[in-house]
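Student: Chains as they are written, first to last, in the numbering used here: chain A, 933 to 1240; chain B, 933 to 1240.
Do not take every clue at face value.
All copies of an identical chain are treated as equivalent in the list; a pair is satisfied when it fits inside any one copy or across any two copies.
[To be verified] No farther apart than 20 Å at their CA atoms in a straight line, the calculated lysine to any residue pairs in the SDA-like style are these: (1) K1059 x G1101; (2) K1059 x R1213; (3) K1059 x P1004; (4) K1059 x P1162; (5) K1059 x G1214; (6) K1059 x L1212; (7) K1059 x A1207; (8) K1059 x G1074; (9) K1059 x Q1215; (10) K1059 x A1211.
Note that these hints are calculated values from the structure, not bench results.
Small disclaimer: the values here were computed from a predicted structure and weren't measured.
Protein chains: 2
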Amino acid sequence: MMIERLAIVGCGLMGGSVALALRRAGLVRHIAGFSRSAASGRRAVELGVIDEACDSAASAARGADVVLLSVPVASTLEVLQGIRSTLAPQALCMDVGSTKRDVVSAARAALGADIAGFVPSHPIAGKERAGVDAADADLYRGRRVILTPLAETDPARTRRARALWEAMGSVVSDMSPEAHDRAFAAVSHLPHLLAFAYVNGVARQPEGASMLQLGGPGFRDFTRIAGGEPAMWRDILLANRDEVLAQAASFRQALGEIERAMLAGDAQALMAQIAEPSALRGQWALGAGMGSAVSGVGSKPAVDEDVA
Amino acid sequence: MMIERLAIVGCGLMGGSVALALRRAGLVRHIAGFSRSAASGRRAVELGVIDEACDSAASAARGADVVLLSVPVASTLEVLQGIRSTLAPQALCMDVGSTKRDVVSAARAALGADIAGFVPSHPIAGKERAGVDAADADLYRGRRVILTPLAETDPARTRRARALWEAMGSVVSDMSPEAHDRAFAAVSHLPHLLAFAYVNGVARQPEGASMLQLGGPGFRDFTRIAGGEPAMWRDILLANRDEVLAQAASFRQALGEIERAMLAGDAQALMAQIAEPSALRGQWALGAGMGSAVSGVGSKPAVDEDVA
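Based on the sequences and whatever the hints tell you, model everything.
Tutor: This is the structure:
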């Protein structure tokens, strides 16, 4: 299980946190890192996140037994093309991207037969602050990680990927890239799209600015994800466009049903449209499908609700 | 300022919290309460929230100098009709409803000329738990309270209402009932409508149940308000129907713009649609607009973000 050389390509929050978590687990001897910004690389060394800042992804990956890509998903093809020739034959390569079909096709195009060593990974974790200064050995503890291994993926590499994420405290499950992208369109990408649209819809009204000042705790929580990093969300929404648009269509239909009940003044139909999601949400808990090991992790109940 | 007899009509979370807050402020000698459920009334006495459980709203209100209505907004007309003949001439009467135009027309219909004593009030506060057991002397501390006095309202009664809410720690502002309902359609009622529709849209898919299990912290916060009390939200959405539907139309337009940018694969247009709400939400803080006295109150930053 010991990693002789871990390469972190992209020393930010996600990559830096993997470095810290694996080091703390005592699973890594040497960590080489590369960041497009030389300052980030230096800072990562300064903070003890990596041991060595390399001047290219290829030199970081050279001779590494584990390579972690933590770069914008849209850069995957270029980064993998750049490191392919330096990858050790038995190297395990993983990413941390929020979409998987686009990462998989970039990996197929860049790696050819070497795709056997690539295990697409999506840890469901993050923080409001980005950058290596926010890196945290506990970022992945109690969080779900989805692996989407392919028919060509070497099963030994998938096992190693799973073991490493588990050593970081994560709960690992497998899905196909297609099922992953469909499910995350529903539970993550669409909510972001709706939150962006909602803030635009209010802010663009003549009284928008003064209205926004009246938002309470419900508004605060509902719109928190609208503060997401624009470039990352642009890329996710484009990469998973078809699934997200299909989810948006399903949402529009559900919205229309409530609007029609309101328009008709049909209290009974409206009650049915509200009682169902209210009951479902009342039963929902973060991490409830993850098994008893982490049940309740992170499921801190909100302390107040905007009943306004 | 001292209240000789405070009548709480509806001894639940909201009414019970007013009783506790005014008692702690040393501003009330005797608290009479009425709840439709006799058990709630007894429990309120047991908890020391009220001094006396009355068997009707009218007997609680008889001789009271301040009457607080904390009943479903749809019951306002009936309750005010029931207490009008017992109201003392100088009594101040307030409610805590989330909509104001419907409360005002119920009050006009029930009180006639006595509407001078009615100061419509909306404290922006609440909790996930309802009922008198959840009542809390600090519920209104640092929270905004909107008063919507009318042309007929006695200015002395409005001043007293303001002073009482301030004594409970609230930050009071005035609006017209129309402006109130328009603004809260935008910042509270529409978000609830969207959250209900969103959960329905996902849950009704064949894979809905397993998708919902994958929701992370972003999903948790975005959908928290979908857990709201169905009967209360049915009433609010019907009472403020026209404003909420107008806000929904404005939302649909904003949603359509993002969908069109995605469909066109127009990364630049999409970026513009996301960067604007992201920047706005980044600057937003709960209670900013309320003045320095309470700046930052309740604006605890979220600790993690679903960047998935």
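Student: Give a verdict on every hint.
Tutor: A quick look at each hint next to the structure:
With identical chains, the CA atoms of K1059 and G1101 are at most 20 Å apart within one copy only, with a shortest distance of 17 Å there and 33 Å across copies. When the C-alpha separation of K1059 and R1213 is checked against a cutoff of 20 Å, the pair qualifies only between copies, where the shortest distance is 16 Å, while the shortest distance within a copy is 23 Å. For a Cα distance limit of 20 Å, the shortest separation of K1059 from P1004 inside one copy, 16 Å, qualifies, whereas the shortest one across copies, 39 Å, does not. Proximity of K1059 to P1162 under the C-alpha cut-off of 20 Å is restricted to the intra-copy arrangement: shortest distance 15 Å within a copy versus 32 Å between copies.
When the C-alpha separation of K1059 and G1214 is checked against a cutoff of 20 Å, the pair qualifies only between copies, where the shortest distance is 14 Å, while the shortest distance within a copy is 25 Å. For the identical chains of this complex, K1059 and L1212 are inter-copy neighbours only, at 19 Å across copies versus 27 Å inside a copy, given an alpha-carbon limit of 20 Å. Proximity of K1059 and A1207 under a CA criterion of 20 Å is satisfied inter-copy only: 18 Å between copies versus 32 Å inside one chain copy. In this assembly of identical chains, K1059 and G1074 lie within 20 Å of each other by CA distance solely inside one copy; the values are 14 Å within and 27 Å between copies.
Taking CA atoms no more than 20 Å apart as the test, K1059 paired with Q1215 passes between copies only; the shortest distance there is 17 Å, against 25 Å inside one copy. In this assembly of identical chains, K1059 and A1211 lie within 20 Å of each other by CA distance solely across copies; the values are 17 Å between and 29 Å within a copy.
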